[in-house]
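**Student:** Using the sequences provided together with the hints, build the complete structure.
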Amino acid sequence: MTSDTANVTGIGLPEPATPSIAVRPRSRASRVRAIVSQTLLSLVALLFLAPIIWMVFSALKPSAEVFTVPPKPIGSSIKFSNFAEAWNYLPFGRFILNTIFVASVGTLITLVASALSAYAFARLNFRYRGGLFVLYLSTLIVPQEVIVIPMFLVMKQLGWVNSYKALILPWAFTAFGTFLLRQFFITVPKELEEAAKLDGCGHLRILRSIFVPVAAPAFAVLAVFTFIGYWNSFLWPLITVSDTSRMTVPLGLQLFLGQQGQRWELLMAASTIAMVPTVALVLALQKYLVKGIALSGLGGR
Amino acid sequence: MAILPVDVTDVALAEGPGPRGRRGDGRAAIGFLAPSMLGLLAFTAFPIVASLILGFYDWPVIGDHVFSGVKNYQSLLASDEFKTAIINTIVFVVLYVPLNIVISLGLAVWISPRIRPRGLYRTIFFIPVVTPVVANAAIFSLILSPNGLVDSLMQTWFGVQAPNFLGSKTWAMPAVVLLSIWQGFGYNMLVFSAALDAVPTSLTEAATIDGASPAARFFRIVLPLITPSIFFAVVLTLISSFQVFTQAYVLTGGGPGNATTTMVLYLYEQGFQFFNLGRASAIAWVLFIIILIITVFQFIGQRKWVHYDQ
Numbered sequence: 044m045t046s047d048t049a050n051v052t053g054i055g056l057p058e059p060a061t062p063s064i065a066v067r068p069r070s071r072a073s074r075v076r077a078i079v080s081q082t083l084l085s086l087v088a089l090l091f092l093a094p095i096i097w098m099v100f101s102a103l104k105p106s107a108e109v110f111t112v113p114p115k116p117i118g119s120s121i122k123f124s125n126f127a128e129a130w131n132y133l134p135f136g137r138f139i140l141n142t143i144f145v146a147s148v149g150t151l152i153t154l155v156a157s158a159l160s161a162y163a164f165a166r167l168n169f170r171y172r173g174g175l176f177v178l179y180l181s182t183l184i185v186p187q188e189v190i191v192i193p194m195f196l197v198m199k200q201l202g203w204v205n206s207y208k209a210l211i212l213p214w215a216f217t218a219f220g221t222f223l224l225r226q227f228f229i230t231v232p233k234e235l236e237e238a239a240k241l242d243g244c245g246h247l248r249i250l251r252s253i254f255v256p257v258a259a260p261a262f263a264v265l266a267v268f269t270f271i272g273y274w275n276s277f278l279w280p281l282i283t284v285s286d287t288s289r290m291t292v293p294l295g296l297q298l299f300l301g302q303q304g305q306r307w308e309l310l311m312a313a314s315t316i317a318m319v320p321t322v323a324l325v326l327a328l329q330k331y332l333v334k335g336i337a338l339s340g341l342g343g344r
Numbered sequence: 003m004a005i006l007p008v009d010v011t012d013v014a015l016a017e018g019p020g021p022r023g024r025r026g027d028g029r030a031a032i033g034f035l036a037p038s039m040l041g042l043l044a045f046t047a048f049p050i051v052a053s054l055i056l057g058f059y060d061w062p063v064i065g066d067h068v069f070s071g072v073k074n075y076q077s078l079l080a081s082d083e084f085k086t087a088i089i090n091t092i093v094f095v096v097l098y099v100p101l102n103i104v105i106s107l108g109l110a111v112w113i114s115p116r117i118r119p120r121g122l123y124r125t126i127f128f129i130p131v132v133t134p135v136v137a138n139a140a141i142f143s144l145i146l147s148p149n150g151l152v153d154s155l156m157q158t159w160f161g162v163q164a165p166n167f168l169g170s171k172t173w174a175m176p177a178v179v180l181l182s183i184w185q186g187f188g189y190n191m192l193v194f195s196a197a198l199d200a201v202p203t204s205l206t207e208a209a210t211i212d213g214a215s216p217a218a219r220f221f222r223i224v225l226p227l228i229t230p231s232i233f234f235a236v237v238l239t240l241i242s243s244f245q246v247f248t249q250a251y252v253l254t255g256g257g258p259g260n261a262t263t264t265m266v267l268y269l270y271e272q273g274f275q276f277f278n279l280g281r282a283s284a285i286a287w288v289l290f291i292i293i294l295i296i297t298v299f300q301f302i303g304q305r306k307w308v309h310y311d312q
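First to last, the sequence lines map onto chains A and B. Position one of the first sequence corresponds to residue 44 (our numbering), numbered consecutively onward. Position one of the second sequence corresponds to residue 3 (our numbering), numbered consecutively onward.
Don't take every hint at face value.
Reference listing, derived: stretches of chain A covered by chain B, where coverage requires no fewer than 3 residues with Cβ under 8 Å from a Cβ of chain B [stated by the list, open to error]: (1) 106 to 115; (2) 130 to 139; (3) 155 to 163; (4) 167 to 174; (5) 183 to 189; (6) 201 to 207; (7) 265 to 277.
Hints listed in this document are in silico derivations from the structure and should not be mistaken for laboratory results. These numbers come from a predicted model, not from an experiment. By construction, the Cβ of each residue, glycine as well, lies at the ideal position given by its N, Cα and C atoms.
**Tutor:** Structure below.
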């Protein structure tokens with residue numbers, strides 16, 4: 044669609060036959076500029092990462108050397124034991140297992156529920172489909188804060204306070220996933236399923252064997268963002284969980300902040316541990332980051 | 003909108019049986035929609051209504067609740083604390099949103115195809131988006147404390163002490179904004195990167211041949227083409243910035259005094275420290291209405307500056 048506009052602009056060109064020469068005048072000046080640009084960018088990136096680097100340095104220092112003037116990245120000894128101490132100071136392993144469990148189950152439910160409803164909105168004919176879809180979408184503008192208070196009362200009523208259910212279920216049915224997958228599903232060519240329908244496949248079968256594989260990138264994007272959302276969620280766990288055995292990583296860190304007194308090196312060790320899983324996830328998927336955002340229509344089209 | 007990397011049309015029947023006779027799929031639809039619909043009813047629709055009702059009650063966590071009409075709203079609007087919370091939130095939004103958009107767009111442009119490896123640079127700026135906010139805030143409170151990294155560097159290089167950022171009424175809010183920018187702009191940067199990647203190079207190349215300067219190319223060709231993404235980013239960033247909570251809660255606790263008490267932080271205090279759920283619900287609705295109004299205005303205003311391709 045955009046190539047049409049390109050042709051329109053091309054009409055006015057005097058010499059359309061020599062674009063290859065004119066377009067890339069890879070002069071020495073431009074090469075120098077590229078090197079300067081990349082060097083500066085690298086410095087900015089380093090400055091940007093400084094807080095995280097400082098966190099790791101601080102996590103390895105002896106307690107008395109966290110605050111020094113002038114600042115020293117490395118203390119008189121490198122204390123890997125800080126990590127062990129931080130791990131045991133609070134049941135940190137438990138926090139991590141809790142969060143992995145909550146985030147995984149939550150992501151799974153989100154994917155299944157979103158796929159089913161997205162398929163309905165993309166492919167099934169039923170009355171009020173348009174209206175219902177708009178209704179789904181309208182829930183997206185409601186801020187979490189509006190929901191959180193009555194939800195807390197409901198959890199109390201159901202006896203779900205301090206439970207995994209309370210951490211998982213309220214956020215597993217968002218219209219966001221439905222919307223994202225539906226946008227993807229409507230681009231799947233209809234011919235694909237017509238063939239499957241002739242073979243006698245039902246809707247579930249079509250969803251599973253045609254839409255899911257074709258829309259794998261969209262599922263991946265939704266899965267990653269949902270997982271990270273659960274992993275980092277703070278306000279709701281803060282409200283609904285007070286029992287350490289059900290705490291998630293952010294809550295555990297918060298507890299640490301309150302309890303550790305002056306043990307900053309332990310807090311930094313704990314923060315480092317808390318960052319590892321999601322950072323690893325992003326590093327592993329870095330190839331798909333931009334593509335995923337473009338594919339899923341999160342770019343605003 | 004992106005085109006799917008699948009070209010499977012030839013696989014299907016050349017002359018497929020047209021969708022003749024639109025049979026309704028009502029029954030199947032009920033089955034497919036049931037999970038998400040029940041979930042949304044229970045965990046979104048019901049709480050919205052309940053929250054609206056709660057706002058008109060005096061509703062402590064323990065004890066009887068009493069209908070109180072618009073008392074919660076009246077007392078909120080008369081409350082200096084709430085006014086401060088609104089002003090703090092607006093200050094945050096006004097500082098945070100433009101900075102976020104400019105920095106994220108600037109870096110997205112800077113990480114041009116000439117930079118290698120592009121993915122690595124993009125990933126670096128994206129990292130704090132996915133690390134827990136509590137951890138991010140913990141680092142910043144270490145760095146911004148007296149004798150922390152910033153103060154220590156200032157003493158070493160300039161021989162002066164840095165202000166006590168987190169304990170100063172002047173500096174606490176900028177500190178919250180700084181943390182929020184640092185951890186927040188990476189997301190918009192990726193949105194803009196995706197949009198920039200989608201701008202056809204033929205367009206910019208044609209302009210280069212026409213003798214357009216890099217600045218002209220950017221402002222006259224590239225920028226108009228990515229206005230839909232900018233609009234999207236501004237809308238979402240504004241909405242989320244009105245809901246700022248964790249950064250202030252962890253970094254400053256809303257202090258010193260109530261210098262960084264944002265609306266949601268105030269809501270949390272009222273609801274879950276003073277256990278006044280009716281009042282907290284009323285705050286949530288005031289917030290909701292503010293967000294709604296601003297979003298509606300943005301959608302009205304977009305006609306003036308957002309270019310969608312015909």
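**Student:** So which of the earlier hints does this model not fit?
**Tutor:** 2 and 6
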